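Engineer: Spelled out, the chains give:
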Amino acid sequence: RSGEMAKLTQLIDNEVFRAYATYATIVLLKMMLMSLITAYFRMTRKAFVNPEDTASFGKGESAKKWLRTDPDVERVRRGHLNDLENIVPFLGIGLLYALSGPELYTALLHFRIFTGSRIAHTFAYLIPLPQPSRGLSWAVGYAVTMSMAYRVLTTVLYR
Amino acid sequence: RSGEMAKLTQLIDNEVFRAYATYATIVLLKMMLMSLITAYFRMTRKAFVNPEDTASFGKGESAKKWLRTDPDVERVRRGHLNDLENIVPFLGIGLLYALSGPELYTALLHFRIFTGSRIAHTFAYLIPLPQPSRGLSWAVGYAVTMSMAYRVLTTVLYR
Amino acid sequence: RSGEMAKLTQLIDNEVFRAYATYATIVLLKMMLMSLITAYFRMTRKAFVNPEDTASFGKGESAKKWLRTDPDVERVRRGHLNDLENIVPFLGIGLLYALSGPELYTALLHFRIFTGSRIAHTFAYLIPLPQPSRGLSWAVGYAVTMSMAYRVLTTVLYR
Chain A
23 RSGEMAKLTQ LIDNEVFRAY ATYATIVLLK MMLMSLITAY FRMTRKAFVN
73 PEDTASFGKG ESAKKWLRTD PDVERVRRGH LNDLENIVPF LGIGLLYALS
123 GPELYTALLH FRIFTGSRIA HTFAYLIPLP QPSRGLSWAV GYAVTMSMAY
173 RVLTTVLYR
Chain B
23 RSGEMAKLTQ LIDNEVFRAY ATYATIVLLK MMLMSLITAY FRMTRKAFVN
73 PEDTASFGKG ESAKKWLRTD PDVERVRRGH LNDLENIVPF LGIGLLYALS
123 GPELYTALLH FRIFTGSRIA HTFAYLIPLP QPSRGLSWAV GYAVTMSMAY
173 RVLTTVLYR
Chain C
23 RSGEMAKLTQ LIDNEVFRAY ATYATIVLLK MMLMSLITAY FRMTRKAFVN
73 PEDTASFGKG ESAKKWLRTD PDVERVRRGH LNDLENIVPF LGIGLLYALS
123 GPELYTALLH FRIFTGSRIA HTFAYLIPLP QPSRGLSWAV GYAVTMSMAY
173 RVLTTVLYR
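Going down the list, the protein sequences come from chains A, B and C. In this note's numbering, each residue carries its 1-based index in the first sequence increased by 22. In this note's numbering, each residue carries its 1-based index in the second sequence increased by 22. In this note's numbering, each residue carries its 1-based index in the third sequence increased by 22.
For the record, the hints were derived by calculation from the structure and aren't laboratory data. Do not rely on the hints blindly, as some may be mistaken.
One copy or two, either will do: identical chains are not told apart, so a pair holds if it fits within one copy or between any two.
To be verified - Cut-off 30 Å, straight-line C-alpha distance, at most; resulting in silico cross-link-like pairs (DSSO-like, lysine-lysine):
id, residue 1, residue 2
1, Lys52, Lys81
2, Lys86, Lys68
3, Lys87, Lys68
For clarity, every value in this text was computed on a predicted model and none was experimentally measured.
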């Protein structure tokens with residue numbers, strides 16, 4: 023059993039894989055933060071979507087008025103969905119990229135720029151900053167993922 | 023070739039990794055079930071969003087009345103999206119956690135509580151149960167993922 | 023360090039894993055394409071959701087008229103969300119399936135049919151083709167993922 027574990031930890035001991043593990047975790051924690059921000063805005067703006075969520079604010083008609091959409095809540099939700107759409111490809115392609123044996127320096131550059139671009143995207147969306155701030159931060163992360171996909175396909179392509 | 027396969031199966035022979043594979047698959051199957059429940063409610067409530075989906079119910083104006091939203095359909099869809107938002111971090115962070123060499127007992131505890139919390143969340147959302155049932159089941163899964171992320175970052179952090 | 027790397031590349035040298043890496047990347051690139059199609063339709067249909075996105079089309083009331091939903095934009099967005107709901111399970115279950123040591127021929131069959139089904143689904147959704155084209159292409163990908171999940175659970179189930 024400890025022999026097995028030793029073999030397994032070869033993966034986690036690899037520097038590129040450790041870099042991937044670090045930035046994948048950071049970017050996922052950032053995405054998870056969106057749930058808390060949504061909950062915060064739903065509470066403070068009193069804008070809910072499920073009738074059972076407003077029960078503590080009164081009964082019957084008086085509670086129904088909190089079943090509404092709020093621009094701030096919807097904005098965070100759009101940012102959250104955009105995270106999902108972009109972080110899922112990063113997680114999948116990034117893992118395969120990390121296993122394709124890139125140089126540590128190049129890999130770190132990819133992981134760090136992607137993570138920075140998603141943090142910048144969140145600020146650009148939530149403040150909000152004037153365009154093209156949000157568009158550019160999205161495009162940088164998109165380009166990093168495309169660059170990793172190119173490396174994966176040219177290295178491991180199965181024909 | 024069989025030597026290669028032998029090396030590869032070292033990963034899948036590891037007990038912690040097998041536990042991760044089991045619970046990740048179960049929780050993904052649970053998420054996939056949401057698609058079937060959505061389809062079921064769309065059919066029985068006759069509530070569709072694409073014009074081509076209502077063609078079998080008649081032509082022209084008579085079919086258009088089924089292009090509508092239904093509270094039950096929307097409820098399942100919100101549950102499905104909440105699954106995506108929470109299961110994606112579990113898959114990514116959970117994989118890295120499994121590779122970080124935790125004790126089998128601790129790992130099983132994490133995977134089982136997370137899986138249980140998402141099943142409970144689905145029941146709380148679809149029945150629906152009064153709050154804070156849904157909120158609590160969500161928070162438990164969220165806390166489990168945070169605990170695994172803490173372990174990953176303290177074990178493999180690349181600086 | 024180079025010894026470590028050699029061990030790591032054992033994974034990427036495995037033929038089944040290379041097949042997984044290839045098709046997972048292709049299907050993720052297809053999903054990423056949905057972002058570009060959404061952006062294209064938002065621009066050409068002038069249908070935006072964030073006030074800051076319409077600033078370049080004029081100030082005040084004249085820009086507000088572009089804050090609207092458009093059927094083509096919404097259609098692409100539904101296709102994108104359907105991709106997320108189905109490709110996330112494929113990525114997770116497919117990875118575990120690839121590590122469970124299936125025959126290369128069987129694995130390729132699974133990966134190729136899934137990838138084909140998602141490409142067909144996108145065409146069926148965006149053209150749109152009459153039903154049951156979209157329904158069938160969705161069901162084929164769903165069945166492939168279920169088949170891989172069955173293999174994972176019967177091979178690695180941790181009790």
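Engineer: Each of the hints needs a verdict: does it hold here or not?
Structural biologist: Against the structure, the hints:
1. Lys52 <-> Lys81: This pair counts as neither: shortest intra-copy Cα distance 36 Å, inter-copy 34 Å.
2. Lys86 <-> Lys68: both (11 Å within a copy, 25 Å between copies)
3. Lys87 <-> Lys68: both (9 Å within a copy, 27 Å between copies)
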